[in-house]
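K.L.:
Chains as they are written, first to last, in our numbering: chain A, 1 to 186; chain B, 187 to 413; chain C, 414 to 925.
The hints are simulated quantities; they were obtained by calculation from the structure and are not laboratory data. Some hints could be false.
Below, a list of computed lysine-lysine pairs in the DSSO-like style, where the Cα atoms sit at most 27 Å apart [to be verified]:
| id | chain 1 | residue 1 | chain 2 | residue 2 |
| --- | --- | --- | --- | --- |
| 1 | A | 125 | C | 463 |
| 2 | C | 463 | A | 44 |
| 3 | A | 125 | C | 834 |
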Amino acid sequence: MARQTIDVLSASPDPVVVPSGSCADMIVNHYPELLAEDAVYGSKARELASRTWELSQLLVDGLGTTDAGFRTSVRLAYHASCHGLRGLGLRDAPRQLLGAATGGQCVDLPDGETCCGFGGLFAIKMAAVSNAMLQSKIDSIESSGTEAVVATDVSCLMHIGGGLRRRGSHVRTMHIAEVLAGSDHE
Amino acid sequence: MTEVRDLVLGAVRDALLRAELPHSSGERPFYVVPPDRTAADDLVGQFTTALVALTGEAHHAESLGATSDAIADIAGVYGAASYLSWSEVAMGCVGLVETLTSRGLRRVSYDLPFDQPGRNQRVRALAEVGLGVTGADAALADSGALVLASGPGRGRLASLLPPVHVALVKRDRLFPSLSALLAARPDLVAGGSNLVVIAGPSRTADIEMTLTHGVHGPKHVHVILIP
Amino acid sequence: MSESTSHGPAARTDGPTAHSHGAAAHSHAEAHTAGTAFHTRIDTALADGKLRQALSMTTGRLAAGRATAFAALPAADALRDAAQRIRAHTIAHLDQYLVEFTANAERLGCHIHWAETAADAARTVVAIAQASGVSLAVKSKSMLSEEIELNTALESAGIRVVETDLGEFVVQLAGDRPSHIIAPIVHRRREDVAALFREKLGATADEVATIPAMTAFARKTLRDQFVNAGMGISGVNLAVADTGSLCLVTNEGNGRLTTTLPRVHVALLGLERLVPTSADLGVVLQLLARSATGQAMPVYTNLLTGPRRRTTGSDSGGEPDGPDELHIVIVDNGRTRLLGSELAEILYCVRCGACLNVCPVYRQIGGHAYGGVYPGPIGSVVMPGIEGLDRWAELPQASSLCGACRDVCPVRIDIPRLLLKLRAQAVRESLAPMWLRLGMRAFAAIATRPAIYRFVGNLVGRLGTAVARNGWLTRLPGPLAAWTMSRDFPAPAAKSFTQSWRPKRRAERTHA
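Based on the sequences and whatever the hints tell you, model everything.
P.N.:
Rendered as structure tokens:
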């Protein structure tokens with residue numbers, strides 16, 4: 001699958017923008033490692049990694065802007081998805097963008113850097129623990145009194161959103177791209 | 187036993203041929219202790235602040251008489267009538283025992299012969315001793331810690347068995363940190379069979395993370411800074 | 414207690430010394446029947462509200478302590494980098510440093526023993542005890558001693574063993590096992606300890622009324638044991654090659670008493686726990702206590718270089734106290750197997766426990782659920798590494814790979830990378846669950862064929878939309894039902910991304 005993706009994304013030399021911290025981390029950090037010994041794809045992986053950006057990184061680090069130009073009135077709390085945070089070092093970029101989009105009304109979730117429990121297949125393989133982690137995350141969300149949770153990763157948001165809904169919560173989830181596009185809707 | 191030794195070392199060598207060891211090509215020096223130009227007086231100040239934060243207590247004494255008074259006062263606070271100690275020479279305080287005797291404090295000594303299975307029965311008699319007095323080879327300013335090396339006349343038990351430990355520390359033996367000490371005095375490590383770095387009274391938080399002092403080692407640590 | 418009932422026979426009642434670690438052996442046996450046993454232990458742990466509260470409080474405090482201590486440490490990053498290089502270098506030249514260490518230790522009068530397996534190591538200690546006529550041994554905390562099930566071996570040989578670390582003492586009284594490598598009784602409340610002291614040791618109500626009272630009671634009880642014991646057994650935090658020294662750190666002082674009062678001291682040393690020089694030790698010590706509890710220094714840092722010094726002829730006589738004999742048992746027990754593998758980096762570990770305190774999985778389930786001597790992130794690599802992946806295949810799966818452990822490791826071990834290696838190995842050796850292996854193969858086959866991917870995607874999309882209510886699915890089929898046990902699943906969008914994107918692009922091009 002890695003080779004397939006590399007082929008597809010190497011069809012053009014343009015920068016690749018990925019609206020997902022974990023997917024970007026995979027391409028930037030793990031593809032080169034996975035294919036280190038591959039005579040053909042090793043260098044292709046490194047080349048692709050060098051021009052792949054997570055969305056907020058592209059805006060802030062690549063294009064030098066912390067303001068995408070739109071505003072939202074939703075009260076937001078930010079969950080720092082793990083692979084973006086620790087794999088890509090994604091700390092300031094999303095927060096700066098969200099700060100601009102909300103006029104400074106985006107707060108960090110309490111325990112905002114603690115894993116939500118998605119972890120890919122972990123959510124299925126270790127469902128009981130995944131759920132325990134999810135419930136702790138939802139407790140933090142509810143204690144923050146926020147209207148919506150925002151993150152860079154749809155995977156975390158599906159997991160958190162699914163849990164919020166099952167609990168009957170009115171808190172919504174939004175992807176950072178939706179916030180930056182000025183969306184107020186679910 | 188040499189066969190097992192050879193087997194294990196052989197297994198290590200074989201394994202090293204296949205081992206994947208990231209970051210293992212570093213060369214010496216791995217770390218250089220940053221030079222510390224803190225003035226001696228400031229080191230003493232830092233040390234006493236750190237010691238107090240550990241619930242230790244600091245005292246200053248300029249003469250033998252003052253040192254003796256300080257020790258006697260401490261003994262009085264805890265109701266200790268006897269003490270274990272290093273030798274006077276080791277503590278750098280010749281004449282101390284006599285002055286303490288005249289202040290009503292009795293020195294208790296013990297003799298643990300080598301290679302005698304029943305030797306610890308002699309330690310039983312030490313159970314009631316309320317105070318231990320030692321010197322210190324160094325004190326560490328960043329942590330308020332004392333460094334004690336064992337040797338002739340420098341028993342470990344004086345700083346370990348009694349519930350109160352008093353250490354006489356010469357002001358010129360302050361070091362900024364443990365790293366600085368180990369870099370400057372590597373000889374201290376193997377000089378005796380035991381080098382101990384003591385940072386305050388014995389403690390535990392095993393039960394419900396609640397801090398309690400005086401578990402197995404001393405419950406109270408006092409330092410008297412002497413010239 | 415849900416914890417102790419899952420660990421074998423109730424403890425005997427004749428005093429602190431009479432408990433075997435039969436409970437530990439029983440749990441080891443449990444771990445052999447992998448699969449459901451692990452998940453049962455997890456479910457038990459998750460259902461234990463008191464445990465989860467205790468875990469949350471303890472790990473929270475220790476992790477916060479670490480964060481504060483590191484924020485206040487000026488050269489933190491430089492020290493961690495240096496510590497990583499020191500440990501990596503040591504492991505890369507481990508045979509040399511073992512030779513240097515043992516030569517220096519022997520020169521000072523230490524007896525060196527080597528043990529290939531856990532059983533060998535335990536037998537060796539028993540032999541030393543028997544040769545010295547020992548009937549009572551005191552022990553200061555050693556995870557390695559748990560690994561080799563030492564207490565069971567000693568007691569089978571008629572030698573009483575008393576744990577002296579307060580938490581381990583409680584664990585021993587309860588016939589239990591430690592659940593955290595630094596805070597052994599994180600799973601127990603003060604009432605549990607009070608009840609144990611009253612029941613097993615005859616403590617009065619006053620003596621267990623408060624935590625300080627219980628601590629004083631333990632001190633008094635254990636002081637006798639220290640004095641009467643013929644042998645002290647300890648672990649080693651790190652051994653120093655160029656001086657032949659053993660470094661042992663404790664907060665309680667039981668490490669000092671254990672290695673000073675008894676006439677014979679036996680130190681258990683994992684063969685990877687070395688550093689080359691005392692300056693190198695200094696670097697690691699700057700990080701060890703800070704990582705473990707947030708303290709700048711442990712209360713007692715002991716460097717033991719040989720047994721008590723004897724009269725050296727010309728000078729003033731021997732040392733007044735200390736052990737007459739110092740035996741060092743160097744233990745392999747799977748470490749060379751780890752060393753010769755792609756997991757070798759795990760040997761850099763200095764057993765600080767920081768990874769446990771930040772692991773979101775450990776914080777939910779605690780140490781016992783893992784089933785092995787070492788729990789949490791470190792355990793998930795070490796257990797399969799030393800005992801085989803066939804026995805411990807589930808542990809590397811018990812992680813969301815969030816990376817919090819790597820962030821706090823003082824020697825920067827990349828645990829998630831090692832977990833991925835173990836998972837890949839599990840797939841190669843057919844140790845991963847069938848649904849996972851087949852499912853991933855099927856997914857890869859579909860995902861690398863764009864036409865089929867679009868077709869399947871379309872199908873799933875239409876199916877999902879048909880079954881969904883208000884945009885959500887509340888039940889998914891097969892193994893995916895595990896998702897909908899506790900979460901809703903968003904219904905697929907009416908159109909896929911490409912279905913929405915293509916017409917727009919075409920329109921743009923037409924207008925361009």
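K.L.:
Look at each hint and say if it fits the structure.
P.N.:
How the hints compare with the structure:
As the CA atoms of residue 125 of chain A and residue 463 of chain C are separated by approximately 26 Å, the hinted pair is consistent with the 27 Å bound. For the hint pairing residue 463 of chain C with residue 44 of chain A, the CA-to-CA distance comes to about 53 Å; that exceeds 27 Å, so the pair is violated. With a CA separation close to 18 Å, the supplied pair residue 125 of chain A and residue 834 of chain C stays within the 27 Å bound.
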